[in-house]
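Read off the chains here:
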Amino acid sequence: MEKPIYLDYCATTPVHPEVRAAILKTLETDFGNPSSMHSIGKAAANGIADAREQVALGLSCSPSEVIFTSGATESDNLALAGILHLSKPGKAHLITTSIEHHAVLHTAKKLQSEGYEITFLPVDRQGMIDPVDVQNAIRPNTVLISVMMVNNEVGTIQPISEIGKIAKENGILFHSDAVQAIGLLDVNVNELHVDLLSLSGHKIYGPKGIGALFVREGVRLAPLTFGGVQENALRPGTENVPGIAGMGAAIRLTNQHKKDENIHLTRLRGIIISGLQERVPGLIVNGAAIAAPHILSVSLPNADSEMMLIRLNGAGIAVSIGSACTSKSIEPSHVLTAMNLPTSQIEGTLRISLGYPTTEEEIATVLELLPKIWSKAKIN
Amino acid sequence: MSKYRVCVIGGWCGNRLIMVADHLDELLQKAGYPCQVKSHSVWENYNQPPASNLVLQLLPAFTEAETGCPIINIRPFLVDIDHPETMEKIFTQIKSDFASTFQQ
Numbered sequence: 001m002e003k004p005i006y007l008d009y010c011a012t013t014p015v016h017p018e019v020r021a022a023i024l025k026t027l028e029t030d031f032g033n034p035s036s037m038h039s040i041g042k043a044a045a046n047g048i049a050d051a052r053e054q055v056a057l058g059l060s061c062s063p064s065e066v067i068f069t070s071g072a073t074e075s076d077n078l079a080l081a082g083i084l085h086l087s088k089p090g091k092a093h094l095i096t097t098s099i100e101h102h103a104v105l106h107t108a109k110k111l112q113s114e115g116y117e118i119t120f121l122p123v124d125r126q127g128m129i130d131p132v133d134v135q136n137a138i139r140p141n142t143v144l145i146s147v148m149m150v151n152n153e154v155g156t157i158q159p160i161s162e163i164g165k166i167a168k169e170n171g172i173l174f175h176s177d178a179v180q181a182i183g184l185l186d187v188n189v190n191e192l193h194v195d196l197l198s199l200s201g202h203k204i205y206g207p208k209g210i211g212a213l214f215v216r217e218g219v220r221l222a223p224l225t226f227g228g229v230q231e232n233a234l235r236p237g238t239e240n241v242p243g244i245a246g247m248g249a250a251i252r253l254t255n256q257h258k259k260d261e262n263i264h265l266t267r268l269r270g271i272i273i274s275g276l277q278e279r280v281p282g283l284i285v286n287g288a289a290i291a292a293p294h295i296l297s298v299s300l301p302n303a304d305s306e307m308m309l310i311r312l313n314g315a316g317i318a319v320s321i322g323s324a325c326t327s328k329s330i331e332p333s334h335v336l337t338a339m340n341l342p343t344s345q346i347e348g349t350l351r352i353s354l355g356y357p358t359t360e361e362e363i364a365t366v367l368e369l370l371p372k373i374w375s376k377a378k379i380n
Numbered sequence: 001m002s003k004y005r006v007c008v009i010g011g012w013c014g015n016r017l018i019m020v021a022d023h024l025d026e027l028l029q030k031a032g033y034p035c036q037v038k039s040h041s042v043w044e045n046y047n048q049p050p051a052s053n054l055v056l057q058l059l060p061a062f063t064e065a066e067t068g069c070p071i072i073n074i075r076p077f078l079v080d081i082d083h084p085e086t087m088e089k090i091f092t093q094i095k096s097d098f099a100s101t102f103q104q
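Listed in order, the protein sequences are those of chains Y and S. For the first sequence, the numbering used here assigns the number 1 to the initial residue and increments by one for each residue that follows. For the second sequence, the numbering used here assigns the number 1 to the initial residue and increments by one for each residue that follows.
It cannot be assumed that every hint is accurate.
To be verified - Distance condition first, Cα-Cα at most 20 Å in a straight line; then the derived EDC-like pairs of lysine to aspartate or glutamate:
1. Y/K376 with S/D97
2. Y/K378 with S/D97
3. S/K3 with S/D82
4. Y/K376 with S/E64
5. S/K38 with S/D82
6. S/K95 with S/E44
7. Y/K165 with Y/E114
8. Y/K372 with S/D97
9. Y/K376 with S/D82
10. Y/K378 with S/E66
11. Y/K88 with Y/E114
12. Y/K372 with S/E85
Everything labelled a hint here was simulated from the structure, so no lab data went into it.
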């Protein structure tokens, strides 16, 4: 088989060589415990400080406002539970949306089961949140609003700054999961008016098992774990030095290249859309017209997405689909369902996600093969 | 005479595939049709359908030209494992095949 064509960068990304080098340095040379009072430990601590500075630079915040975690899932958990757990159940209300990542949705549902009040806002057919709905959902006991910046399935970019202003005007804390945004969009926590913001390392060519949470100075969180003072006692335990170093390197690369990458991927995304529209009559592009440049959700008419995925995989092309296998049945994506897309549309939905290594030649191969594969994967 | 072979074709969701195959096996035995019911995941092979007398597809993997036998779309079983119309199609086909070639 020829070199595989990876178009699932929303799921994860390959580690960039410079990230790998940064990680190896912490495994081979700067392997000390950052809490140790000697030079080898100090070198590890310096590595963490450098990485924290890079993240802060990427978010336009202070390094002291960055907490390293095990990933965005933990960051989301810490943000939501950390705020709500400061109040007693029944005394605090959270507003979030029906299209959040499960890291937010499942945490919100857990908090709901503990007695906290949760509002899950709907989205329109493009997957957009209406800030008016956010405003209308506010209650006297609302303590937190959580809205993702870029949806990981359809790429819609939410009006975060506008929602942030509403939160600020009402004295409510605002959290955003910016996992799919940080690599390609400007994420300035002050312009966005966010108080908490989640990031992941492995979505931006860093390693898996590392993430970060921006916590605005003065915002108090109840910790989820206990046993030390690391990361302002919000993430106690010896730091994941290799992961943090890798995340620092990944964010540094992102800070340097995101503008160029945005242009590159916007162009490639446009080529895929126009190419598929020519070759697949009835093709629907899901999501808003202005979307993240690396995410493309398309519904091919009268098709079975899993069969297309299998045949694409057989041809060496990796994409993802909008359904998941559960113990009892095949469940359609909660995002596409929340967008009120008909089942037939969801069944034929593929997510194609691009990364900096994606080439025009790869896209040309997809445009050649996908229409043929579609014709073999028709339901009727 | 060899047994009548029914092949249930599915994808990633192996649980569902096996559940459907086991369920059909049980129903066919109860109805007095001594069939051999197998399951086949197209994740393992989507080029070569297993030799069968009847193929039941949870997803559109093969054509009748490829299987050389009738194919019934059993996609509704993804939601309802006893979907009446689909079940009726299967039993009608098997009944007809047994009447013409296979003995009960």
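Hints, one by one, checked against the model:
1. Y/K376 with S/D97: Answer violated: Y/K376 to S/D97 is near 27 Å, above 20 Å.
2. Y/K378 with S/D97: violated, 27 Å
3. S/K3 with S/D82: Answer violated: S/K3 to S/D82 is near 24 Å, above 20 Å.
4. Y/K376 with S/E64: holds, 12 Å
5. S/K38 with S/D82: At roughly 18 Å apart (the allowed maximum being 20 Å), S/D82 and S/K38 satisfy the hint.
6. S/K95 with S/E44: Measuring from Cα to Cα gives roughly 30 Å; hence the hint is violated.
7. Y/K165 with Y/E114: Not satisfied, since the Cα-Cα distance of roughly 29 Å exceeds 20 Å.
8. Y/K372 with S/D97: violated, 34 Å
9. Y/K376 with S/D82: At roughly 27 Å apart (the allowed maximum being 20 Å), S/D82 and Y/K376 break the hint.
10. Y/K378 with S/E66: holds, 15 Å
11. Y/K88 with Y/E114: holds, 9 Å
12. Y/K372 with S/E85: Judged against 20 Å, a Cα distance of about 31 Å means the pair is violated.
Of the numbered hints given earlier, the model fails hints 1, 2, 3, 6, 7, 8, 9 and 12; all others are met.
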